[in-house]
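Use these hints to put chain B onto chain A, whose structure you have.
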Amino acid sequence: MININKIYQWSRTNLFSNWYNSLLSLIIVFAFIKFIPPLLNWLFFDATFRGSSKAECYGDGACWIFIKVWFKKLIYGLYPENQIWRINLAFLILIFSVITSIFVKQKIRKYIIIFLIFIFPFLAIWLIGGFAIDIESLEIYIPILEEVDTRVWGGLSLTFIMAIFAMLFCFPIGIILALGRRSELPTIKYASVAFIEFWRGVPLITVLFMASVMFPLFLPADTNVDKLMRCVIGITLFEAAYMAEVVRGGLQALPRGQYDAAKSLGMGYWQMNSLIILPQALKIVIPGIANTFIALFKDTPLILVVGLLEFLGMIKLAGANPDWLGFAVEGYVFAATVYWIFCFSMSRYSQRLEIRFSTERK
Amino acid sequence: MSDNIIELKGVNKWFGDFQVLKNVDLTVGLKQKIVVCGPSGSGKSTLIRCINRLEEHQQGQITVDGIELTKATKDIEKIRAEVGMVFQQFNLFPHLSVVDNCALAPIWVKKMSKKEAEELALQQLEIVHISDQARKFPGQLSGGQQQRAAIARALCMKPKIMLFDEPTSALDPEMIKEVLDVMVELAKGGMTMIVVTHEMGFAKEVADHMIFMDEGMIVEKAVTKEFFANPKSERTKLFLSQIL
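Protein chains in written order, with this note's numbering: chain A, 1 to 362; chain B, 363 to 606.
Any given hint might turn out to be false.
[What the hints assert, rightly or not] Taking lysine-lysine pairs in the DSS-like style, the calculated list, with each CA pair at most 27 Å apart, reads:
1. B:Lys587 <-> A:Lys105
2. B:Lys476 <-> A:Lys110
3. A:Lys110 <-> B:Lys440
4. B:Lys393 <-> B:Lys587
5. B:Lys587 <-> A:Lys283
6. B:Lys539 <-> B:Lys599
7. A:Lys105 <-> B:Lys473
8. B:Lys473 <-> A:Lys107
9. B:Lys476 <-> A:Lys107
10. B:Lys436 <-> A:Lys189
11. B:Lys393 <-> B:Lys522
12. A:Lys107 <-> B:Lys477
13. B:Lys477 <-> B:Lys440
14. B:Lys477 <-> A:Lys110
15. B:Lys522 <-> B:Lys440
16. A:Lys283 <-> B:Lys498
17. B:Lys433 <-> A:Lys189
18. A:Lys105 <-> B:Lys476
19. A:Lys105 <-> B:Lys440
20. B:Lys599 <-> B:Lys384
Keep in mind that the hints were calculated from the coordinates and are not lab data.
For reference, chain A alone in the conformation it holds in the complex (with noise of 0.2 Å):
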């Protein structure tokens, strides 16, 4: 009994207040009843889930068979299946790397982060590219592993590679275009300036269309450089214009009395930087750097309009296909909920480090 008490009393301060009050609860109340049921009736109860053909669907519930029989090629793209062990190889590196850096010591982790950082990428890129050591002029030729043409990556996994890869160096530039931005030294400074104006001043669209289409034609016949490398530079320098405003919002935030102090103690600009005022700038700034990691995440679909196709392009193709047309609400809201997994946690994560270095202050 006091249970039921205090639920009307709280819904009656909380939900019916007043009549507008009352009103706007109502409607909720009743938008909820009206769209839930028919939601979830299609997202499972109506759904199909067994099968491997798209005859085996029936009924008006979503045919989720179609993300099962594609699931493969959404995650690997058209990757040679024979191969597919090494992108996985790659990525269970990267998540035990991930998880023992959480459970060692201090002194451990430093290393691990350091291999994340400076080894693993390059690793990684070699494990799922398999380039052959070749060098002509010495007659050495080791074909360790096949080589996969960076035009049939695809899928999740390709959205992964070029996320991290422009992450992880959008960040550092980033910072050096802030601080470049902020020096006395003239050049330096416009220099900074005029990058990060004309990258945040053009669409990643062109950006993407660029590296693809022009850039070749400005090089040499001979040289080739490959087109989703190309494509990634251009998102990393792309991304590294919004980051360095990000950061030069924090280094803007930090009040001069910590240049003072730190120039007093006979620091030099580095040291002063890198131990002093990017510490405090970064951490103020965490949010807006979650906020462009999210978006660079999203953005990686774009390089669709240059023939590579990560994970939402897979699903745009595996709706193309003649045997499996009419699914793309399905393609879409299964991309849409993976996305939003990988968006979330990403703003979680960052919350969470926003609480971890902000305790010192309390």
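Coordinates of chain B only, in the frame set by chain A:
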């Protein structure tokens, strides 16, 4: 003149069109303690900020420990390492614990080992009576404790000169004494000090010379007793009558 550790000759400085320092001459001998006073906006802080080149002067010469500052663009960090500074707003590094605040510069600027630097830091914190707060973060300390930590941080660099820029002006009254006590001990230990302050009790106790500044000029420089007993300029008399 070789025992003069700081020499200013004809120093002029402008912020835009506004002249903050007008033809300032000053010599400070080794182990001397000088207190600078004057109304706000008279250029006191700017003067001592010029001595470790946190501000650049436009005319004249400033020589610190035998090195002329305008010629020392490369060595400026070395000079700053020898000149400790304590600020009105403490300016501790909020992201580091108190002991790390103190040990940071010895480790990175003086290339001391981490262990050595930490011992040094604890030693200096002991001197300012807050070694029990060493592991806390600046935000957890009272204003008086923060300022003493800032003094310890400066002392860790084993400076030859200490500059104090209104070290007690941002403190609650009951905390002023604990900071001044530390400064008195430091003075008695033979440190060369230039102190910008309105604490005339402190000035009478430790200062060898008093400097009164107004509108960017040194109006009066005198031995402390003389300064309080017989101020020569009318402006000084007026100022003293207002704050004593």
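Right, here's what the structure says about each hint:
About 61 Å separates the Cα atoms of lysine 587 of chain B and lysine 105 of chain A, which puts this hinted pair outside 27 Å; it is violated. Of the pairs offered as hints, the one joining lysine 476 of chain B and lysine 110 of chain A holds, with about 17 Å between alpha carbons and a cut-off of 27 Å not exceeded. Proposed proximity of lysine 110 of chain A and lysine 440 of chain B is contradicted: the alpha carbons are some 31 Å apart, above 27 Å. Between lysine 393 of chain B and lysine 587 of chain B, the direct Cα distance comes to roughly 18 Å. Compliance with the 27 Å bound is thereby established for this hinted pair.
Between the alpha carbons of lysine 587 of chain B and lysine 283 of chain A the distance comes to roughly 51 Å, so the proposed pair goes past 27 Å and is violated. Distance hint between lysine 539 of chain B and lysine 599 of chain B is fulfilled; the C-alpha atoms sit about 26 Å from each other, no more than 27 Å. With a C-alpha separation of about 25 Å, the suggested pairing of lysine 105 of chain A with lysine 473 of chain B holds against the 27 Å cut-off. A threshold of 27 Å between alpha carbons decides the hint, and for lysine 473 of chain B with lysine 107 of chain A the separation of about 20 Å falls inside it, so the pair holds.
Proximity of lysine 476 of chain B to lysine 107 of chain A is assessed by CA-CA distance (about 15 Å); at most 27 Å being required, the pair is judged to hold. Restraint check for lysine 436 of chain B and lysine 189 of chain A: the C-alpha separation of about 21 Å stays at or below 27 Å, so the hint holds. Distance restraint check for lysine 393 of chain B and lysine 522 of chain B: the Cα-Cα separation of roughly 9 Å lies within the 27 Å cut-off, and the hinted pair is therefore satisfied. Between lysine 107 of chain A and lysine 477 of chain B the CA atoms are separated by roughly 16 Å; this keeps the pair inside 27 Å, and the hint holds.
Distance restraint check for lysine 477 of chain B and lysine 440 of chain B: the Cα-Cα separation of roughly 23 Å lies within the 27 Å cut-off, and the hinted pair is therefore satisfied. For a cut-off of 27 Å, the pair hint linking lysine 477 of chain B to lysine 110 of chain A stands: about 19 Å separates their Cα positions. Distance restraint check for lysine 522 of chain B and lysine 440 of chain B: the Cα-Cα separation of roughly 12 Å lies within the 27 Å cut-off, and the hinted pair is therefore satisfied. At roughly 19 Å between alpha-carbon atoms, lysine 283 of chain A and lysine 498 of chain B fall within 27 Å of each other, so this suggested pair holds.
For the hint pairing lysine 433 of chain B with lysine 189 of chain A, the CA-to-CA distance comes to about 25 Å; that is within 27 Å, so the pair holds. Proposed proximity of lysine 105 of chain A and lysine 476 of chain B is supported: the alpha carbons are some 19 Å apart, at most 27 Å. With a CA separation close to 36 Å, the supplied pair lysine 105 of chain A and lysine 440 of chain B exceeds the 27 Å bound. Simply put, lysine 599 of chain B and lysine 384 of chain B have alpha-carbon atoms about 21 Å apart, close enough for the 27 Å limit, and the pair holds.
Checked against the numbered hints above, the structure breaks hints 1, 3, 5, 19 and satisfies the rest.
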